[in-house]
Amino acid sequence: MKILVGIKRVIDYNVRVQVNREGTGVVKDGVKMSINPFDEIALEEALRMKERGAATEVVVVSIGPEAAQQQLRTALAMGADRALLLTSDEEIQPLTAARALLAVVKEEDPGLVLLGKQAIDDDANQVGQMLAALWDRPQATFVSALEFDDGSAKATREVDAGLETIEVDLPAVITVDLRLNEPRFVKMPDIMKAKRKPLDIRPFAELGVELPPQLETGRYEPPPRRQGGVKVDSVEALVAALKDKGLLS
Amino acid sequence: MSTVLLIADHDGKNLNTGIARSVACARQLGTVHVAVFHAPDEDAACAAAAKLDGVSRVLSISDPANEGPLAAVLAPQVAALAREHEGGYDYVLAPSTTFGKDLLPRVAALLGVPQVSDLMEIIDARTFKRPIYAGNVITTVKVPEGIPVLATVRIASFSAVDAGGDAPIVSASTSAELPTHTRYIGLSAAGGGDRPDLQSATRVVAGGRGVGSKENFEIIYRLADKLGAAVGASRAAVDAGYVPNDMQVGQTGKIIAPDLYIAVGISGAIQHMTGIKDVGCIVAINKDGDAPIFEAADFGLVGDLFQLLPALEKALDGS
Ligand SMILES: Cc1cc2nc3c(=O)[nH]c(=O)nc-3n(C[C@H](O)[C@H](O)[C@H](O)COP(=O)(O)OP(=O)(O)OC[C@H]3O[C@@H](n4cnc5c(N)ncnc54)[C@H](O)[C@@H]3O)c2cc1C
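The listed protein sequences correspond, in order, to chains A and B. First residue of the first sequence: 598, per our numbering; consecutive thereafter. First residue of the second sequence: 10, per our numbering; consecutive thereafter.
These are computed hints drawn from the structure, not numbers from a lab.
Simulated crosslink set (BS3-like; lysine-lysine; CA at most 27 Å straight-line):
#, chain 1, residue 1, chain 2, residue 2
1, B, Lys-235, B, Lys-323
2, B, Lys-296, B, Lys-235
3, B, Lys-151, A, Lys-625
4, B, Lys-263, A, Lys-751
5, A, Lys-790, A, Lys-599
6, A, Lys-751, B, Lys-22
7, A, Lys-828, B, Lys-323
These numbers were taken from a predicted model, which means no experiment stands behind them.
So that you can see chain A by itself, here it is in the shape it has in the complex:
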């Protein structure tokens, strides 16, 4: 079975993101970029499946600027077999990404698509569900455990009320949550090896994907700041302060 894994280039999760002075976007100059952490977990899962013989090939695909080659090289160094970059300098909204991934799915015919449950830049949490709908295949989102059985998968999902289990026929789209696994570290020799692995770069526009209506994005602004920072020096002072605010009777 071939597995397709989506990789998005995002600002590293440790960076404190700042709105630019014009309020038209966020500051990206000189800021550390990484693979979206959830996508890294999706890739790790695919690699483990290949290692235990449950998958034959792991193909990673990204939609983004030329610079996203960096993240795809990292993915290849982790162990992916080959990579595809659909280059675009435009903001790619979720439905457009899903249509593009569908075009790739039609070319590649994977038995499984693994994606992160959300990208930590737009926090939209939409692409996997949208791809599954367009492909007319099952989806399992927020997955924290997976078991495969002849043509189907049992997925444990982290939902508000606890852990839910569903069964999906393959091919399917699975979006992963933090607990599924712990991604491996990339070793130096693997980075060298990854340089020789195939990375196919194609302009997004050449895919022939029909563009859906788009959300118009307007102003970017920082959220209202909380005025915190008052320290109390004892439990008694805390209780008194909370009573004062009417939070304790």
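Using the hints provided, position chain B with the ligand relative to the given structure of chain A.
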């Protein structure tokens, strides 16, 4: 007047507490119809939805296939409802619960329209604010004219409507074809036992990695019980196996807005703080006086939680 279709999140008996909050958002946009998809003998949620102020009609969609909330099964039905209602619904909303997040993008793709995730503020009929980058940035988005608006509602941003209404419940059905490629198996609920629900509680006590073990978490439960509070946790506490994942608060966990949040042994990582941006009063208890949580806490208490919590319990007894 615009019409809004709000999809109910329920467990077969009770409505998710996010629905009363989502109605508060929906009624600012137009006439509100709530769609309840359920199995034939599970219509209690319809009655609960009919009571919510601002709901003008409840659509009861009963089908054996609707037992267990499967996005693949529900999405074609929602898309059909959205299209088939007198010229189409102008808005299709769902709460930003795991149910709504799973379902609504699938509907949006079937309708070929974009979705606004985590709508937190209405600017006008088609313009909304939503958080990005773990809530560190708020962005304004506009849905183009001529298409329905699809959005998940960030429930912590809206106060629940009251339950004094009496809307008619009408049964509805759709022409949608339902797939069999996805099957519901079951839910194992874990959570905080009989304690108040994390997303609707007015007080929450949360523990982090600093609590140290599953056994030590008892100290958090004890304080919570004393305060009648729900219990939450950081991701690190969940990953370490101290508590189940449904207690996780944060960017990728639950976003909550109680009046009082007591964070115990939690450092205050950006991803955690996203979940508590709308809390009335944050109290931080941490032995590291430089922990980032103190920058946001209304009241900070520096010290060892294993000494401070028992002392706090005692002080509460004495009061
Ligand atoms: C993509 C992504 C998504 C994430 N989503 C979430 C999310 O939704 N929610 C979330 O919470 N995290 C999330 N995280 C994890 C987040 O980045 C932090 O790792 C996590 O919040 C840290 O949890 P913590 O504060 O409990 O642990 P730590 O950061 O380890 O902090 C423990 C704290 O306990 C204090 N402490 C230790 N012992 C004591 C003691 N005896 N008395 C008092 N204080 C003590 C320490 O001083 C320290 O400040 C996410 C991470 C990623 C990468």
